[in-house]
Amino acid sequence: MEPVLVTGVGAVTCHGTGVPALRDAMDRARAVQPDKVPDPWARMELPLMYLVPEPALGTEAGDAPGRATSFAVRAAREALAGAGLAREGLPAGRTAVVLGTCMGAIGDRERDRAPAEQNPPPEQDPPAGPAAPHTWRPDFEVASRLAAELGVTGPVSSTSNACAASGFALATAADMIRCGEADVVVTGGADAYSRIALANFNRLGAVDAHGCRPFAAGRAGTVFGEGAGILVLESAVHAAARRARPLAEIGESGWSCDAGHPTAPEESGEQIVRALREALDRSSVAPGEVGCVIPHGTGTRLNDRVESAALREVFAREAAVPPLYSLKALVGHTGGAAAGLAAVAATLIAGRGSVPPNVPVGAPDPRCDVPLPTARTPLTGTAVLVNAYAFGGNNISLVVREAVAC
Amino acid sequence: MRAAETTVRTDVLISGLGTALAGVSGPGALLDPPDTALGTDPVDALRGPGLRYKDRATKLALCAARDALADAGLLGTDGDLTVDGADFGVVVSSNWGNVDTVCDASATIRRSTYKATSPMLLPNTASNVTASWVAITHGLRGANVTLTNGPTSGLDAVHWARTLIAAGRLRRALVIGVEPVNEPVRHLVGDAEPLFDGAVALVAEAADAVRDRGGTPLARIGRYARAGDPARALAAVRDDEDTPPDAWWLPERPLPPATAGTTAPAGVPAYDLSARHGRCSGALGVLQCVAATAELTRTASRSMLATAGQGSTGGGPGEDDAAAALVLHRMPAPAGGGPS
Chain G
1 MEPVLVTGVG AVTCHGTGVP ALRDAMDRAR AVQPDKVPDP WARMELPLMY LVPEPALGTE
61 AGDAPGRATS FAVRAAREAL AGAGLAREGL PAGRTAVVLG TCMGAIGDRE RDRAPAEQNP
121 PPEQDPPAGP AAPHTWRPDF EVASRLAAEL GVTGPVSSTS NACAASGFAL ATAADMIRCG
181 EADVVVTGGA DAYSRIALAN FNRLGAVDAH GCRPFAAGRA GTVFGEGAGI LVLESAVHAA
241 ARRARPLAEI GESGWSCDAG HPTAPEESGE QIVRALREAL DRSSVAPGEV GCVIPHGTGT
301 RLNDRVESAA LREVFAREAA VPPLYSLKAL VGHTGGAAAG LAAVAATLIA GRGSVPPNVP
361 VGAPDPRCDV PLPTARTPLT GTAVLVNAYA FGGNNISLVV REAVAC
Chain H
1 MRAAETTVRT DVLISGLGTA LAGVSGPGAL LDPPDTALGT DPVDALRGPG LRYKDRATKL
61 ALCAARDALA DAGLLGTDGD LTVDGADFGV VVSSNWGNVD TVCDASATIR RSTYKATSPM
121 LLPNTASNVT ASWVAITHGL RGANVTLTNG PTSGLDAVHW ARTLIAAGRL RRALVIGVEP
181 VNEPVRHLVG DAEPLFDGAV ALVAEAADAV RDRGGTPLAR IGRYARAGDP ARALAAVRDD
241 EDTPPDAWWL PERPLPPATA GTTAPAGVPA YDLSARHGRC SGALGVLQCV AATAELTRTA
301 SRSMLATAGQ GSTGGGPGED DAAAALVLHR MPAPAGGGPS
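Top line first, the protein sequences correspond to chains G and H. Okay, so the first sequence: first residue is 1 according to UniProt numbering, each after it adds one. Okay, so the second sequence: first residue is 1 according to UniProt numbering, each after it adds one.
To be clear, the hints were calculated from the coordinates, so they are not data collected in a lab. Accuracy of the hints is not assured; some may be wrong.
Distance ranges between label pairs, derived from CB positions [said to hold, decoys possible]:
| # | chain 1 | residue 1 | chain 2 | residue 2 | range |
| --- | --- | --- | --- | --- | --- |
| 1 | G | P38 | H | D78 | 52 to 58 Å |
| 2 | H | A70 | G | G84 | 50 to 56 Å |
| 3 | H | K115 | G | G362 | 52 to 58 Å |
| 4 | H | D212 | G | P91 | 36 to 42 Å |
| 5 | H | P119 | G | G84 | 47 to 53 Å |
| 6 | H | D242 | G | E88 | 31 to 37 Å |
Some residues of chain H that are not near chain G, with every Cβ distance over 10 Å (derived) [stated by the list, open to error]:
| # | residue |
| --- | --- |
| 7 | L46 |
| 8 | D240 |
| 9 | E241 |
If you want the footprint, here are the derived chain G segments under chain H, 3+ residues with CB under 8 Å [claimed, not checked]:
| # | stretch |
| --- | --- |
| 10 | 247 to 260 |
| 11 | 311 to 325 |
In this text, all values refer to a predicted model and were calculated from it rather than measured experimentally. From the three backbone atoms N, C-alpha and C, an ideal C-beta is built for every residue, glycine too.
Looking at chain H on its own, in the form it has when it is part of the complex (with noise of 0.2 Å):
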């Protein structure tokens, strides 16, 4: 399999990152135990019309996109967008997304037929409302993507915008890895483990839209694989690195020790986001690309391997099908100067 990175035409770099979860301040705490003190709901301070006809996996997901965004610079001090909306697109990764919104429908329509609904919560039952909203919101009038796609969704997110973005479709993209836990999700899930609540999103842009507007890269994002198990993913993605990355995130769940003791280039550090933030499905590719490039940022590291899914382990199609990896790299130092 030939890993995607050979055939973009331009860089792709992250140039800001949001997070909304509870106990976590921000994208550089992503690695430190939930802080108990700061365990207020993000979107408690979610403000503005229309609030009570937004479904959670919506509100958690306009947090982390306003805290990205701005992060990225591109907010102005009244909120709105400080650059073109026409070529920003987005990109939102989530496999139980508006699941509850869907079971309450369903439970209304038969306890009391349809016209018991509210069609004001009708279009939060299409499941690209989070992406429409998040649109809508800030005026980007681009590309508009919804994926579903598993274990791997979130670094297929990833993956999508960067093809969006190298492709010229857009300039730029608001990637957003969300989950919501609400009833109907954790009776699917179950609960015998907690279950990851949030959403976290990174502004990714062409190299020359963030030198032409001045930003500030944070990471640039390298090549990427999807197959049918974690073994082969990782073969592709660093069919030609010859130095092992500095920090590895872990899929869903550990993988066989068989496949880890091929895989896993020796005393690479390894971080199990699920194990910190509960079981993140969907979320979870845009988390560790979000937690990875805040280490990039504060640390002498000079690139991240995200892993996710399993690949098919006897669950069954729609289960757990495949298995994707994702490189993200350091920015090199500016000229005359910077850590190394």
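Isolated chain G (complex conformation) (with noise of 0.2 Å):
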């Protein structure tokens, strides 16, 4: 089958515009303080994510497309920059936009009904409702004013799997491609603070107050990162065709779901580890090629330990698990962008052909048992393996690997 190419990646994190920042974090391999979030209605014990430092929280614009979409869009310039391919380049109807988002807009819709310079006393009751009808915006308006942004008005789709969104966003466009509805499809996630998803994880006791630390003994939670990972997927022909440079390879993946719980995930494991295990059989990667694992560690203590297990379990043959990158460590948990991002690090790492350090997290957990390498090691396989978990029991794991030139 043909491949699927990686010929452009963007990001946008805490660290800041552009895949350089966040490379550039990753190889310093530094912890970051949660910020705390300049909401007046923030009211909650412990208001903390890493933002996107720029705008600031609460200074965009009345006008301004919303703050997701804005990472969305800064992104796929970025990822198109990289690609070689300008919006005019774009070919006509056979290029497709698939994002993923867990909150969408709704942040902004939040903030649209208080205004952040106005800081109500406590005692003043908030606005009764939703917002008005001219200030809605829906969550596909995130996949919707990007799709605007490059032009593309065909196929277009907001993929809404909640924190494994983008995964399951990716996974669709690479199959666009290989089943020959798109040559070329921007695709990754978007995602940005929101007062209800950062509340519901303070009721659910979800939040560590000392950042986010997947798979370290002392893990409290996770702590919810701003972002967007957007990659520009080619079919190797178009690719060929224009001479692009391909950045790396997107396999197949594996899709499950647990049907168990709305939010708790199935403490077997097994439906992970069917996703894993079908994403390497259906690309025809063996465990002893795969030399790294994105997980999608959060940093709650269930899911680490059920998606470690899961790993020892699929790699139970091979001397070791492969070294895990740890990537919500350095950005927090980017919800629906989580494995945008993952897939934009994979790619990274599967081009420079080493795994950069993990974040100091301090002692690791016994029960999790999968190695986190806090020195750079050289990728020892050519294959990636990115997870991606979501409520609702929603896995996916995919396959990143060394391309081959065009």
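Combine the two chains into a complex, taking the hints into account.
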């Protein structure tokens, strides 16, 4: 089957705009402290998040396209520029946009109702009811506005699989190319601060006051991050015809659903294992060819333990589980953007042939028992696995591997 | 633009239909005037634990899902699935979905801080909650997808179910279109016209999956196209068709005359389900496919053309940014007889 190539990547994270900013942060491997969100209505114990620095939350112009959308547009512009594709160079009718987002434009909608500069006393009643219709921003606005920005009006899709959204978007995008529906797909994910999402995790006691520390013994939950991770996927034929330089190849993916609990992962990890094995089998990649895993690893206690056990099971016949690169320790849990950013990181890892040092997060949890080297290590296999999981038991694993030049 | 059917490797068939809509007795009644005698809320009949903590969209979807599975012959007398759930997926389309839960949670946090929110309701703030509960309820462990694509979302969902099956990721998919009516939705959409308050569902299966279990296929999912405007979507989906469809299922609002005149085959009956059931938003495409499949099974019709979305009409991105079209085909008569 014709390979699906990554020819451009773009990123926006708490470390700034651009893949170089992300790459430098990966090289430095230093933890940053989460920000206290400047939202007067963030009435919760731990209003902490890794915010994108520019623009500062709450300072966006009133007619701006929305925070998650602006991240997606910035990352997409970078990815397309890297791919050498101008807007007018996108093949008409053969270009698609498939974007994943968890909260979409909900954060903008929440803040539309009470601008940040207003700081009402606690006893003041908040406005009743939702935002006025003229300020309504539906979830699909992020994908829709990005597509409009790129002049793509046909195959545009907004995937809403919660925190695994961009994993499903990426896999869908690759499938579109494989089955001939598109030559170029701009895909990935974007998410921004949402008061409701953060309050929910506070209510569940799932926010770690000390930062995002996946697989650490002392982890106490996750910390959300804002961001966008966008990839330009291209059919090998289309890329070769314009002599594009591939950065990586997107292999196959494995999809499954726990069908067990609305929020908690199934403790046996049966469906997570199934998604991992399906991604490898469909990509014809043996476990021994995997040189790195970018886990979903959010820092919540059960999720990290279940994922660790699943990885040990899948790699049971190997000498060891391949090194993990725990991206969320660096950028936080970016929700619907998480798998998109992980795929960007996987592309960098495959291209550079080495796994960056993990951010030190304290003593490892012996119940997790997965390798998280804090020094740079050579990539010993040709493939990088990306995992993404979500509320609802939505599981997906994707293979990213070294590209063969066109 | 290449219409999608040219690439699929297996026929994907519709084998079951379900509705959860007050005043509508079932898929075959979607073209009838609403029956006030059957006006009870379908969710009233739901039973089981945890209903208190499910939002309206989820409850409606569960009703339609159950009926579609039963119609396909996929539920045993105990209500359990009779086939393997490992490769049975869920694709849900909804644009308003859980907006009530989101608004309620937001108001609660602002009024009384996050501690006043119920942990039991928090999963409902994730937009994929409906697809998740359907999967949990019936043990559907295949791909689980939620689309919020605006006006084309329902047809997109039917197409994605077919693609997932054709790509070998699934053998079966439950496709659900659902939109609830509640105060937040009314506020956002406005009360100038009635709103669709219900859910519809269909079961899509690989042709061999229906055959192997002795199921009864009702229709075949044909070409699909999504484009910037209705004319291009229709042109793409019908580019090698030499006979007109037997019915045309209209988008949410009437097509502009110029567009309609150039794309609608003359003399084709047109059905506007939004005029009958209220503004349907993300449910429309699935509703069209359910109603059209019912028509294919009870008449001599050969094909149905469903269309959704107007494309950008100046309202700006996020309101209506594309148009989609999808064709359904009648199943050929079994060897030895049957209606032609």
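Cross-check of the supplied hints:
no.	hint	in the structure
1	P38/G with D78/H: 52 to 58 Å	holds (54 Å)
2	A70/H with G84/G: 50 to 56 Å	holds (54 Å)
3	K115/H with G362/G: 52 to 58 Å	violated (29 Å)
4	D212/H with P91/G: 36 to 42 Å	holds (40 Å)
5	P119/H with G84/G: 47 to 53 Å	holds (49 Å)
6	D242/H with E88/G: 31 to 37 Å	holds (36 Å)
7	L46	holds (17 Å)
8	D240	holds (16 Å)
9	E241	holds (19 Å)
10	247 to 260	holds (count 6)
11	311 to 325	violated (count 0)
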